[in-house]
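Top to bottom, those sequences are chains G and V. With the working numbering, the residue at position 119 of the first sequence is 119, and numbering never jumps. Here the working numbering runs 352 ahead of the position in the second sequence, where the first position is 1.
Simulated from the structure, these hints should not be mistaken for laboratory data. It is possible that part of the hints are untrue.
As the list claims (entries may be wrong) - So these bits of chain V aren't anywhere near chain G, every CB distance computed over 12 Å:
1) Pro431
2) Gly501
3) Asp579
4) Arg669
Stated by the list, open to error - Facing chain V, a subset of chain G residues (Cβ under 8 Å, in silico):
5) Ala58
6) Ser70
7) Ala224
The beta carbon of each residue, even a glycine, is placed where N, CA and C say it ideally should be.
Chain by chain, the residues run as shown.
Protein chains: 2
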Amino acid sequence: MSDHTIPGVGADGRITLAHGGGGTAMRALIDGVFLRAFSDDPAAPQEDQARFAMADLAALGDRLAFTTDSFVVDPLEFPGGDIGTLAVCGTVNDLAVGGARPVALSAAFILAEGLDLAVVRRIAASMAACARAAGVRIVTGDTKVVPRGACDGLFVTTTGIGVIRPGCAISIASGRPGDVVIVNGMLGDHGAAILCARGDLALDVTLGSDCAPLNGLTEALLDAVPDVRCMRDATRGGLAGVLTELAEASLVTVRIDEAALPVRPEVAGVCEILGLDPLYLANEGKLAAVVPAAAADVALAAMRAHPLGRDAAVIGRLETAAPGRSAVHLANRFGGQRVVSMPSGEQLPRIC
Amino acid sequence: MSDHTIPGVGADGRITLAHGGGGTAMRALIDGVFLRAFSDDPAAPQEDQARFAMADLAALGDRLAFTTDSFVVDPLEFPGGDIGTLAVCGTVNDLAVGGARPVALSAAFILAEGLDLAVVRRIAASMAACARAAGVRIVTGDTKVVPRGACDGLFVTTTGIGVIRPGCAISIASGRPGDVVIVNGMLGDHGAAILCARGDLALDVTLGSDCAPLNGLTEALLDAVPDVRCMRDATRGGLAGVLTELAEASLVTVRIDEAALPVRPEVAGVCEILGLDPLYLANEGKLAAVVPAAAADVALAAMRAHPLGRDAAVIGRLETAAPGRSAVHLANRFGGQRVVSMPSGEQLPRIC
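Based on the provided sequences and hints, a complete structural model is requested.
Spelled out as structure tokens, the structure:
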């Protein structure tokens, strides 16, 4: 179906308020763009809900996981991904780092009147491709259109359900003194890519977002090390956000080694120029895993054997903290020590 | 916690970009407003996902239902509700009309920089109250903040999971010739209320939205009439939208009687003045149920016994349609007939 056969889209190929009105124009947009991209059976009667046999879910594990995120990234498209891949990866990863196998996603779109339909098509296509790569289906959704000026282009909210494997007891509060912290690769790529893509920094660097679904990697890690204590994806707030939460929730000191942090020279360069710290930059395909020290080598090997974990590295260790003194300590390259504080505000608005 | 003790909120009590940054200001907003309103245990470690024992879900039924909606209503607050009650009711109702018992909701907020924190608090409080009334918990969420001008106040996306009772086979495609169509009460209240609340029509009428969670009503109906064919809540696109979808999916003619449609005189008056049709006005607490003719009296009695079904009425009947001739026919008060077409565009932008 070409853009022109979707009622409500004019010769200029742009979204109109009619596409959010609950009538024929909206149906045409959903059928012609979203169902066409996401559904195995676009002609099936459209119910307002997706359904799953409980027996099929129970065959995957003993607990259901449920998570949601809105995405408002600016620009909508950037090297390495777009708002759609970000949304699919973000929700898949929130499920995966909790030990869940992602089963299905919903996708709710808020579109601005005047948005180019071709952009919507590209974003839907990349969401579909990303979902396929993650082995997850986009099964239900919603479309709203707001007048020009009431929303900046396109926002999408993805919600995911997944099933947690039996016996898996991952929690941000489960870190123990002696455990090691591993990351699966280069830090800060997404934040640096968005910064460069905004184009107002006159940086002559093209960096790609690390946006990727991590469920294959987390499955491999859990297969190798069933007693992983905790995993978290290091999105907004970066690795600093994850580690400060870990220290607080697990009542430990997290001691990390700056020299061990994997950071691309280009990202380090961008950070140096702009006075940013890669520890606080957002990632969209990076996680921190906490594992018992005895399992560190096995965990590292399992991660490195996966394409998304080739640069995995042990970056630190958990230690006993005096009551009320949980914190993250960083040993810098010159032998000094500093406390890594929780990010306070917004380094980069609309990073995801 | 007063507004002033939430970091990032100035003396003017307004949201700043820091509240979406993934750091301490965002944590404070989530802890001080959202968890305070929604959580039984606000001090528990914050995981990025909510979890449910599969055995508890399986005890409720044999299928999981999953549905999502974004809400962009303007104004945010109106007689009879606000964007928060709308979001909770909308998602609860999408689950309920599929025969599911709602179990849990997620809530993802997109806030504009400069939004009054007091508004956010009020909306969170009414979501919590509405969720309590519906017997459902808000278990996970997300908060993004976009710069002034990139979003018009506050958008919220709610996603729900529920469990469908065994044997329930409700579908928009299940209507059969001979079945009757029942609505649970007055039509068009929400659409008319929003129109009046916008204040640019100089109408001297105050109408309240009918915004309400319908799961109690649907449970009562399904208890009385287990073989309900189909239920749909008549939101965007109004009853006309639901009935035209029903005719198309079930391959039937839907014949309705204008004189039988329950419409408040005030709503009929607003429609007359503005040239609108109550059939197309949005509802947020109204559903159409299709039941076998033999069960019509029992269904009607069950609905009328419920506070949200006191004005329930049989409004029409399904008839055999010649192939390709499915449609909705309305018999008007003067003995005439007209075809009710699917809504095409947007009568009232940002109605939900």
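Going down the list of hints, with the structure as the test:
{"no.": "1", "hint": "Pro431", "verdict": "holds (22 Å)"}
{"no.": "2", "hint": "Gly501", "verdict": "violated (7 Å)"}
{"no.": "3", "hint": "Asp579", "verdict": "holds (18 Å)"}
{"no.": "4", "hint": "Arg669", "verdict": "holds (21 Å)"}
{"no.": "5", "hint": "Ala58", "verdict": "holds (5 Å)"}
{"no.": "6", "hint": "Ser70", "verdict": "holds (4 Å)"}
{"no.": "7", "hint": "Ala224", "verdict": "violated (22 Å)"}
Violation of the numbered hints given earlier is confined to hints 2, 7; the remaining hints are satisfied by the structure.
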